[in-house]
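Participant: We have chain E already, so just place chain Z on it with the hints.
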Amino acid sequence: MAELVREIMIDATPETIWPFLTEPDKHIEWNGTEAEIDPRPGGIYRVLTKGEHLGVGEYVEVVPLERVLFTFGWEQEGNPITPGSTTIEITLHPEGDKTRVRLVHRGLPEDAVSDHTSGWGHYLGRLATAASGGNPGPDR
Amino acid sequence: MDAALKALAEPRRRAILRLVWSHELPATEIADQFRDVTRPAISQHLAVLKEADLVIERRDGTRRLYRAKTATVAELRAFLDDYWTSGLERLRDVAEAAETRKRPTKGRQ
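These protein sequence lines map, in sequence, to chains E and Z. Using this note's numbering, count along the first sequence one by one with no gaps and you end on 140. Using this note's numbering, count along the second sequence one by one with no gaps and you end on 1109.
Okay, chain E solo, but in the shape it has when bound (with noise of 0.2 Å):
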C-alpha cells in the first residue's frame, strides 16, 4: 500500500480555509460540481463531478480547523479503489498569518499493475475519463 502526500502553502487563515472544506457550497468551488457532505465523524462525504459520482466516503475525524480524516473510494462497481479501502487527510497547520496544506492519501495499490491484481492505470484511466467530463462507466 502506497500513499501520496501534496502539501501547498496557502495565504489564508485555517478560519478561512475551513469552510472551504467543510461546506458544500463552497467545496465545490475548487472540488467537484456537486457536494453532499456532512462532516462528522460517520457522515457521508460524496463529491460528483459534471454529474457523475467521483469519490465517495465517510468521514471518520473532523476536528475543526485542524483536521478532517474521510474514507474515499470509487463507487463503482468492481473497481479496485472501493469505498472505504483509501483514506484522504487534510490537515492545516498555521504558519504566521499563512496555513500549509498537507493532504494525505493512504491505502493506494501502489504496485498493483505489477502484482496482477489491480492497479494505477486502472485508477488512472478512470479518472482520466471522469476528470476530462466524461463517464467511465460501470467497471468490468
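Please keep in mind that the hints were generated in silico from the structure rather than gathered at the bench. In this text, a Cβ means the ideal position worked out from N, Cα and C, and glycines have one as well. Fair warning: there could be bad hints in the mix.
In silico DMTMM-like links for lysine to aspartate or glutamate, alpha-carbon gap of 25 Å or less [stated by the list, open to error]:
hint	chain 1	residue 1	chain 2	residue 2
1	E	Lys26	Z	Glu1089
2	Z	Lys1102	E	Glu95
3	E	Lys26	Z	Glu1096
4	E	Lys98	Z	Glu1096
5	E	Lys26	Z	Asp1093
6	Z	Lys1102	E	Glu23
7	Z	Lys1102	E	Asp11
8	E	Lys26	E	Glu58
9	Z	Lys1006	E	Glu75
10	Z	Lys1102	E	Glu7
11	Z	Lys1102	E	Asp25
12	Z	Lys1050	Z	Asp1060
13	Z	Lys1102	E	Glu66
14	E	Lys98	Z	Asp1093
15	Z	Lys1102	E	Glu15
16	Z	Lys1069	E	Glu3
17	Z	Lys1006	Z	Glu1051
18	E	Lys98	Z	Glu1089
19	Z	Lys1102	E	Glu29
20	Z	Lys1006	Z	Glu1057
Here's a subset of chain Z near chain E, in silico, CB distances under 7 Å, partners left out [what the hints assert, rightly or not]:
hint	residue
21	Thr1085
22	Leu1091
23	Arg1092
Facilitator: Frame of chain E; chain Z shown alone:
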C-alpha cells in the same frame, strides 16, 4: 500522456498491460487469455498500447512479443500527484480570494 490515459481508459487494455507487466509475452498467448475477444481486436488493443508508449514490441521471427514499458506508468503516477496538486491550488486560489475579502486592508491584489 494523454495517449496513455486514453489507452488505459479501456479495461481490456489495462488487463493486457497487467499480463505483460513483469514478463514478455507473444501476442498469441496474450490473445489466449481473452476468449471472449477476437485476435484482431487484441491486436488492435496492442497497437493502441504501443502507440501510447505503454508497451514495447519485439519481433522474433514471425512472432511479436510484448512487454510493459514501466517508465510510462511511472509518469502516470506523476499525473495523479498533479491531480491533487491542482486541486490544492484551486483551494489556495479560492481561500486566498476569500481571505482578501475578509481583510481588504491587508492590501492583497
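Participant: Hint by hint, say whether it matches the structure.
Facilitator: Against the structure, the hints:
1. E:Lys26 / Z:Glu1089: holds (15 Å)
2. Z:Lys1102 / E:Glu95: holds (19 Å)
3. E:Lys26 / Z:Glu1096: holds (13 Å)
4. E:Lys98 / Z:Glu1096: Given pair Lys98 (chain E), Glu1096 (chain Z) holds - Cα atoms ~10 Å apart, limit 25 Å.
5. E:Lys26 / Z:Asp1093: holds (12 Å)
6. Z:Lys1102 / E:Glu23: holds (18 Å)
7. Z:Lys1102 / E:Asp11: holds (12 Å)
8. E:Lys26 / E:Glu58: Status holds; Cα separation ~19 Å.
9. Z:Lys1006 / E:Glu75: holds (21 Å)
10. Z:Lys1102 / E:Glu7: The given pair, whose Cα atoms are some 24 Å apart, holds under the 25 Å limit.
11. Z:Lys1102 / E:Asp25: holds (18 Å)
12. Z:Lys1050 / Z:Asp1060: Holds - the C-alpha atoms of Asp1060 (chain Z) and Lys1050 (chain Z) are around 17 Å apart, at most 25 Å.
13. Z:Lys1102 / E:Glu66: holds (20 Å)
14. E:Lys98 / Z:Asp1093: holds (13 Å)
15. Z:Lys1102 / E:Glu15: With Cα atoms ~11 Å apart, Lys1102 (chain Z) and Glu15 (chain E) stay inside 25 Å; holds.
16. Z:Lys1069 / E:Glu3: holds (23 Å)
17. Z:Lys1006 / Z:Glu1051: holds (11 Å)
18. E:Lys98 / Z:Glu1089: holds (14 Å)
19. Z:Lys1102 / E:Glu29: holds (17 Å)
20. Z:Lys1006 / Z:Glu1057: Roughly 19 Å between the alpha carbons, so the hint for Lys1006 (chain Z) and Glu1057 (chain Z) holds.
21. Thr1085: holds (5 Å)
22. Leu1091: holds (4 Å)
23. Arg1092: holds (5 Å)
In this structure, none of the earlier numbered hints is contradicted; all agree with it.
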